[in-house]
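Number of protein chains: 2
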Amino acid sequence: MEKINDVLIVDPVKGEFVGDILIDGERIERVIPKDSNVHEYTAMPGFIDWHTHGCMRKDTMRLSSEELEEWEDFLYSQGVTTFLPTTVSAKKEDMIRVSKFIDEYIQKKRHTSVYGVHYEGPYINVKKKGAQNPNVIRIATVEEMKEVISPVVKLITMAPEIEGFYDVLPVLKKNGTVVSLGHMDADFEEMKCAFFHDVNRITHFPNAIKGLHHRELGGVGAGLYLDFKIEMIVDGIHLAPEFVDMVYRIKGADKITLITDSIDAAGLKDGKFNLGGLDVTVKNGKATLSDGTLAGSTLLFNRAVKNFKKFTNCSLKELTKVSSYNAARDLEIEDIARIKEGYKANIVLLDDELNVVRTYSNGEIVYEA
Amino acid sequence: MEKINDVLIVDPVKGEFVGDILIDGERIERVIPKDSNVHEYTAMPGFIDWHTHGCMRKDTMRLSSEELEEWEDFLYSQGVTTFLPTTVSAKKEDMIRVSKFIDEYIQKKRHTSVYGVHYEGPYINVKKKGAQNPNVIRIATVEEMKEVISPVVKLITMAPEIEGFYDVLPVLKKNGTVVSLGHMDADFEEMKCAFFHDVNRITHFPNAIKGLHHRELGGVGAGLYLDFKIEMIVDGIHLAPEFVDMVYRIKGADKITLITDSIDAAGLKDGKFNLGGLDVTVKNGKATLSDGTLAGSTLLFNRAVKNFKKFTNCSLKELTKVSSYNAARDLEIEDIARIKEGYKANIVLLDDELNVVRTYSNGEIVYEA
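These protein sequence lines are chains X and P, in that order.
According to this note's numbering, the stretch in the first sequence is residues 6 to 374, in order.
According to this note's numbering, the stretch in the second sequence is residues 6 to 374, in order.
Just so you know, the hints here were simulated from the structure itself, not pulled from any lab data.
Check before you lean on any hint, since a few could be wrong.
Note that the list lumps identical chains together, so a pair holds whenever it fits in one copy or between two copies.
Below are the PhoX-like pairs computed for lysine-lysine, each with C-alpha atoms no more than 25 Å apart in a straight line [stated by the list, open to error]:
| id | residue 1 | residue 2 |
| --- | --- | --- |
| 1 | 178 | 315 |
| 2 | 256 | 197 |
| 3 | 314 | 256 |
| 4 | 315 | 197 |
| 5 | 291 | 105 |
| 6 | 274 | 132 |
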């Protein structure tokens, strides 16, 4: 029986209180509130990253089991206890290869923070390709979707205005894959239509999305105005700090999910890299294609958490929502992202400056600063 | 002693209640709440339009006293009991001529709904000229400002990034003229700078303003994010209804002021008109220059009030804020825009569909449907 004593417990539902956390095996056995404010560390649910292409030279598109294990280990240092390796737009064979590989990896391990795969593309709008390879971007068909999809594919980013979008929705629903809208030129009406078909999530808002205009609100207006849940890359590069704060004030912490959208260059020094066949240069942590297009980020999750707190001055309770709780609810995972009896003991201990001090995954200490 | 019996009184501070209104001379003598919900009409403070270039063939730039009187009378039918005839960008001589004319007109009349002048331009950014004549747009100088300004000039629309803006602020402040930001290409930092110099009002947001981008929020982002008070043209043409509703949800009714920005064509049938020397075509109520640029509106105030209610589903109390109370507070006029003992008896009676049934100005019935 492991015990975490005298920490400031931050639960996304119950809020903040000082207490002890008792862990039995993989689960939280008890949470014991105390009549005290004395604490050294803060305990939050382990972070979740639903959108990461890689880091430390690992890349979802070209991974060995050893590399994926190293990736997991590195993310524990960031407080991340659950994540989705994310593909870029790719050929059918490559998508199937990656998802099979991840599926087998998960099956083999007793515990892993890898929860499944996020397909970012290829069924997106080439007009808003960002750093996605235009040569493999294509329309969606029911036949192909049935081939590439499997239970390990938890999330897919698609453009709602591309041909086939509504045809494949039932296939994705049946498979339990959540659809997120992104890399799209959809106008407000097209966004509204998708929303009323229960597609209520947007990928890295508002990057690679049609901008706001007062007579045609676009995808940005739809994201702000309709009740969409949105991913945000809070690295201070993709979005101005004021923009992050504005969106936080408009939509509230309940609708925002932090992601890194990190590429293999994350966690490394500046240099030359490759993303889905495209050359990427990283300078001062900013990853771009040769034409200046942002090519994913070099953001690490712990930094995203610190930035969001700094940019918005949100409460710690809200911080647990954007860093884990909302993401878990998105994919309907019921037993993580709370510090509560019966939940998985995925816990991150943070110091006063929100640095990760220790990470628990399934009740085990997997990182210690 | 005039008495308005059994109306739904809507006060921007006290809210909605059924009662009687007693009027003595120019003022509200007493407001008597009743233990009843029975009422036929709704009583709101008389509407205020701080931004109107004209209507019914009248135009601020070329007015006779008779025409201005007719303009006043016509606006009573719209429930408007206070307004600022608004200039377009013009030569110094024309600005002085118009403001002198309006000043003399006000001096001569015992009661008038004309409160002063709004100078829209010419110290604006030619890049965002909209339907303003580029030939007279110019920088601001202290010398010229001292010549064109006088106590009758209550409001001036200027671009904060044009040369001379900060030089002339003290002149305007001393004169009691409120500065409103508009027809500008100011970026977020420039907007923030103006805001921290106590310039906290924006003209016809977000028309003729730099758009929102997630890395450079522009004037639109500044308007949404900072605590600016904003004018809006709610005709369903300048702004999509969803945009109006979105801004209402973001900023709240306390920060929004309805204006018409109407031109001489308002209240007339479609046809050819002239705005500050530029040819304007009105088709289906939409006024444009030959290149398609929107050239003011043909909106009437009563329609703006109905539209705002329809687009936002706001409360009647909020409707009094956007239609009169906020405007009065903008210019620090203390004795109008409330239905309360001691306030001026400027009152509009509306039916269930918000049609104007009767208008009181200074205690007198000035319009009856």
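How the hints compare with the structure:
In the homo-oligomer, the alpha carbons of residue 178 and residue 315 never lie at most 25 Å apart, since the shortest distance is 37 Å inside one protomer and 36 Å across protomers. For the homomeric pair residue 256 and residue 197, the shortest alpha-carbon distances inside one copy (17 Å) and between copies (22 Å) are both at most 25 Å. In the homo-oligomer, the alpha carbons of residue 314 and residue 256 lie at most 25 Å apart both inside one protomer (16 Å) and across protomers (23 Å), since each shortest distance falls under that limit. Taking CA atoms no more than 25 Å apart as the test, residue 315 paired with residue 197 passes between copies only; the shortest distance there is 19 Å, against 32 Å inside one copy.
In the homo-oligomer, the alpha carbons of residue 291 and residue 105 never lie at most 25 Å apart, since the shortest distance is 32 Å inside one protomer and 58 Å across protomers. Taking identical chains as interchangeable, the C-alpha atoms of residue 274 and residue 132 are never at most 25 Å apart, the minima being 31 Å within one chain and 42 Å between chains.
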